[in-house]
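If you read the sequences in order, they're chains A and B.
When we follow my numbering, the leftmost residue of the first sequence carries the number 7, and every step to the right adds one.
When we follow my numbering, the leftmost residue of the second sequence carries the number 7, and every step to the right adds one.
If you're looking for bench data, these hints aren't it; they were derived computationally from the structure.
Worth double-checking, as some hints may not be accurate.
For chains that are exact copies, the list does not tell them apart, and a pair is met inside one copy or across any two.
[Said to hold, decoys possible] In silico DSBU-like links for lysine-lysine, alpha-carbon gap of 35 angstroms or less:
1) K274 - K241
2) K241 - K94
3) K274 - K13
4) K101 - K239
5) K307 - K13
6) K14 - K101
7) K274 - K101
8) K274 - K14
9) K101 - K13
10) K274 - K239
11) K94 - K14
12) K101 - K50
13) K241 - K101
There are 2 protein chains.
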Amino acid sequence: MSVRLPKKILVTGGAGFLGSHLCRRLLAEGAEVTCLDNLFTGSKRNIGALTANPAFTFVLHDVTQPYRGQFDEIYNLACPASPIHYQKNPVETVKTSVLGMINMLDLARDTGARLLHTSTSEIYGDPLVHPQVESYWGNVNTIGIRSCYDEGKRVAETLAADYRRAYGVDVRLVRIFNTYGPNMHPQDGRVISNFAMQALANAPITIYGDGSQTRSFQYCDDLIEAMVRLMAKPKAELDAFCERHGLGTPVVNTGNPGEYTIRELAEKTLALLPDSTSRIVYAPLPGDDPKRRKPDITLAKELLGWEPQVPLDEGLAKTIDYFRTTFSK
Amino acid sequence: MSVRLPKKILVTGGAGFLGSHLCRRLLAEGAEVTCLDNLFTGSKRNIGALTANPAFTFVLHDVTQPYRGQFDEIYNLACPASPIHYQKNPVETVKTSVLGMINMLDLARDTGARLLHTSTSEIYGDPLVHPQVESYWGNVNTIGIRSCYDEGKRVAETLAADYRRAYGVDVRLVRIFNTYGPNMHPQDGRVISNFAMQALANAPITIYGDGSQTRSFQYCDDLIEAMVRLMAKPKAELDAFCERHGLGTPVVNTGNPGEYTIRELAEKTLALLPDSTSRIVYAPLPGDDPKRRKPDITLAKELLGWEPQVPLDEGLAKTIDYFRTTFSK
Numbered sequence: 007m008s009v010r011l012p013k014k015i016l017v018t019g020g021a022g023f024l025g026s027h028l029c030r031r032l033l034a035e036g037a038e039v040t041c042l043d044n045l046f047t048g049s050k051r052n053i054g055a056l057t058a059n060p061a062f063t064f065v066l067h068d069v070t071q072p073y074r075g076q077f078d079e080i081y082n083l084a085c086p087a088s089p090i091h092y093q094k095n096p097v098e099t100v101k102t103s104v105l106g107m108i109n110m111l112d113l114a115r116d117t118g119a120r121l122l123h124t125s126t127s128e129i130y131g132d133p134l135v136h137p138q139v140e141s142y143w144g145n146v147n148t149i150g151i152r153s154c155y156d157e158g159k160r161v162a163e164t165l166a167a168d169y170r171r172a173y174g175v176d177v178r179l180v181r182i183f184n185t186y187g188p189n190m191h192p193q194d195g196r197v198i199s200n201f202a203m204q205a206l207a208n209a210p211i212t213i214y215g216d217g218s219q220t221r222s223f224q225y226c227d228d229l230i231e232a233m234v235r236l237m238a239k240p241k242a243e244l245d246a247f248c249e250r251h252g253l254g255t256p257v258v259n260t261g262n263p264g265e266y267t268i269r270e271l272a273e274k275t276l277a278l279l280p281d282s283t284s285r286i287v288y289a290p291l292p293g294d295d296p297k298r299r300k301p302d303i304t305l306a307k308e309l310l311g312w313e314p315q316v317p318l319d320e321g322l323a324k325t326i327d328y329f330r331t332t333f334s335k
Numbered sequence: 007m008s009v010r011l012p013k014k015i016l017v018t019g020g021a022g023f024l025g026s027h028l029c030r031r032l033l034a035e036g037a038e039v040t041c042l043d044n045l046f047t048g049s050k051r052n053i054g055a056l057t058a059n060p061a062f063t064f065v066l067h068d069v070t071q072p073y074r075g076q077f078d079e080i081y082n083l084a085c086p087a088s089p090i091h092y093q094k095n096p097v098e099t100v101k102t103s104v105l106g107m108i109n110m111l112d113l114a115r116d117t118g119a120r121l122l123h124t125s126t127s128e129i130y131g132d133p134l135v136h137p138q139v140e141s142y143w144g145n146v147n148t149i150g151i152r153s154c155y156d157e158g159k160r161v162a163e164t165l166a167a168d169y170r171r172a173y174g175v176d177v178r179l180v181r182i183f184n185t186y187g188p189n190m191h192p193q194d195g196r197v198i199s200n201f202a203m204q205a206l207a208n209a210p211i212t213i214y215g216d217g218s219q220t221r222s223f224q225y226c227d228d229l230i231e232a233m234v235r236l237m238a239k240p241k242a243e244l245d246a247f248c249e250r251h252g253l254g255t256p257v258v259n260t261g262n263p264g265e266y267t268i269r270e271l272a273e274k275t276l277a278l279l280p281d282s283t284s285r286i287v288y289a290p291l292p293g294d295d296p297k298r299r300k301p302d303i304t305l306a307k308e309l310l311g312w313e314p315q316v317p318l319d320e321g322l323a324k325t326i327d328y329f330r331t332t333f334s335k
């Protein structure tokens, strides 16, 4: 009878919004999880429930510095992901994307670990193609105030593709579209956390523009499911996938193609908090408002047999419940 | 009577094709020049004539490692620039662009030096706008085989813009279009060096496709003139320039908008080498052939009072003369 050792898995950015859900999921599957985080936007609160598990280890570490260890799998999530955070120190944001990627690719190359990197729909910039497919190259300003995130994430993809070609590193990328859920940062400036925190504080819910602009919202558990499935794919299957689709490296979009107007989202938020005295107010659209993006998830469906399962009403209820229990007095 | 000290200037990539011309020009103006190069694509041959000048210092150094020194001005040119070179070690190419830029920006920030960075028309990728203007965002594949150069150069621009905004570093960028002249690498795979070396070896001159595709060719001295003029601009004038044109950081295209077909270039090359027995042959166009690009130089004209002065016939004669005297037996 053979003994199967638990998988050893490294999660960078593991104390962040998405990282914390991933750590929880991997622990539930019996893995030994090392969570790396510098706690710039991540929080001990997000992993509080995990620390009692002996299979979980938290390491306070910044991925711009090399990190060594023996792991079967590396999930590279570390990077501030909301404009309010990544613009605070744009230079550090670029370094986190670029040096963090180099350090994790070096680790994967040197130890034979498999690596999944979380890229972003932001690499498509202000897209000229709708919905976005993986073969679309994007439309990004190199020298604007959001560029530190977008261009840092773009060159991280480039590095992943080059390590795969040059050193045979077993990489795979997800391009994550707008995602929400419990453990979101309450002050990240995103519309779901904004609305929830405003409604809980009985403050006005601010809609920029007339609220008819649409957004897609992916619940965190759906994304984690896609990531775990992608990590499980053998390299040979991914090589064939790239060949079939003319992609320079294995990459799939993960997002929810369902579209809702911002006004619908505000109304749903208020409906879930019937005691709130908040009212919707309208303000002018700022100049650098994130552009409309909607994922084409054909490739994720084909490769992973995956599509989002959690309806907005259900995910929003869980998210608002998290904000209520965590942040309201 | 006041004594004016000579300017101290650092040129990274100073033993390369363009770097060597820049060093020569700066020495001629009375500057003290420190030339940094790792000699991966640069060559001691290019700077041989300069080493006797006591105002010139060569330092064998790789810009991916920090470098310290007191300089008034830094010209950051270091990076392999032809596909044949930058694809040889794509990971190192990204590191040269990114870490080299960070190291030079750190040096500029810490010492108050002014920094001119050489970006490239490659950041426009396969452009959807003709001719290319500085406000065009480009069309670049993040995960292709040329991405290491294109995306590395893009994020270097981002870093420059962010150091300017965050730390007030006095940066300025040139986006260099196709440039040629003496000291080009004979095996860089570019069309001018290919044709010249083929004609000198009495080998067939290979045209890919039917030769009707056009290219723009900027003579090196024209570029160096633009760079020196841009470096001389006071920060306040550049700030106003950015404001006026809605640019996130000071940047100008430098290139020659004149267009020639590849067949014309082959014929001009043969006309300049009447003893060559080479004949033109045609081969199929490869899949990743560099796309047509043509600079819009309106902004360089406005800001620098500059436009290219050297006609193709004159520049080509000097270039072929260089290849003949340097490489033919």
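Going down the list of hints, with the structure as the test:
no., hint, verdict
1, K274 - K241, "neither (42 angstroms within a copy, 50 angstroms between copies)"
2, K241 - K94, "between (38 angstroms within a copy, 24 angstroms between copies)"
3, K274 - K13, "neither (41 angstroms within a copy, 65 angstroms between copies)"
4, K101 - K239, "both (29 angstroms within a copy, 29 angstroms between copies)"
5, K307 - K13, "within (26 angstroms within a copy, 61 angstroms between copies)"
6, K14 - K101, "both (26 angstroms within a copy, 29 angstroms between copies)"
7, K274 - K101, "neither (38 angstroms within a copy, 47 angstroms between copies)"
8, K274 - K14, "neither (41 angstroms within a copy, 64 angstroms between copies)"
9, K101 - K13, "both (29 angstroms within a copy, 32 angstroms between copies)"
10, K274 - K239, "neither (37 angstroms within a copy, 55 angstroms between copies)"
11, K94 - K14, "both (34 angstroms within a copy, 34 angstroms between copies)"
12, K101 - K50, "both (23 angstroms within a copy, 33 angstroms between copies)"
13, K241 - K101, "both (28 angstroms within a copy, 26 angstroms between copies)"
Checked against the numbered hints above, the structure violates hints 1, 3, 7, 8, 10; every other hint is satisfied.
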